[in-house]
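My request is simple: use the sequences and hints to build the entire structure.
Position 46 of the sequence shown, counted from 1, bears residue number 46 in full-length UniProt numbering, the numbering being contiguous throughout.
Just so you know, nobody snuck in bad clues.
Once the Cα atoms are required to be at most 30 Å apart in a straight line, the calculated DSSO-like pairs of lysine-lysine come out as:
#1 K8 / K20
#2 K53 / K40
#3 K40 / K55
Read the hints as simulated data drawn from the structure, not as lab findings.
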Amino acid sequence: MDNAKYHKGLPIDTPKYGQKKIVLQNACTAYGISFTNETKAGLWKKLRVHVDKIKIEVVAMAEAAGHTVTYTPPYHSDLQPIEIVWAIVKCQVGRQYTQDTTFRHVLVRLKEAFKDLKASSIKGCIHKADRQLYKLEEYIKQKQDEDASGNVSDSESESDNNSDSDSSSNESSNSESET
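Below, the structure is given as structure tokens:
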């Protein structure tokens, strides 16, 4: 899932800092948090510990259905099949643009583009994103294994060696040019 803010919503009854002090006091009582005559900021400090443990609604729903939610990094639309499909549709509509195009034309072209969209194209987008995710997962596992074992990958050590030899060859060529 992408990292959009609307995917990270907490349940509606979750206390929020901007609420009135009495609401925060009621929330403290409901969660069994003791308080005396703290300020609103003091109440929130106590509540925040509890609020941080509340699961995001979408995550809770997915887990209840037996799924695991993983958020993709920003600017990686290639990991989101819907973004790839949307790019195909936008491209088809955009190619028909002229100076005389109106919003009504765009709407008609959008509907037509979605109608022309084949199931096989959508499946292809899903498979492409899956392949990217598997590659990324393997890369992350490899890096985690390297970190756990304290080893550096061959490609990294080679690049370190190359940069050492590059700098030594630069130094020798610099000393030759100075003489």
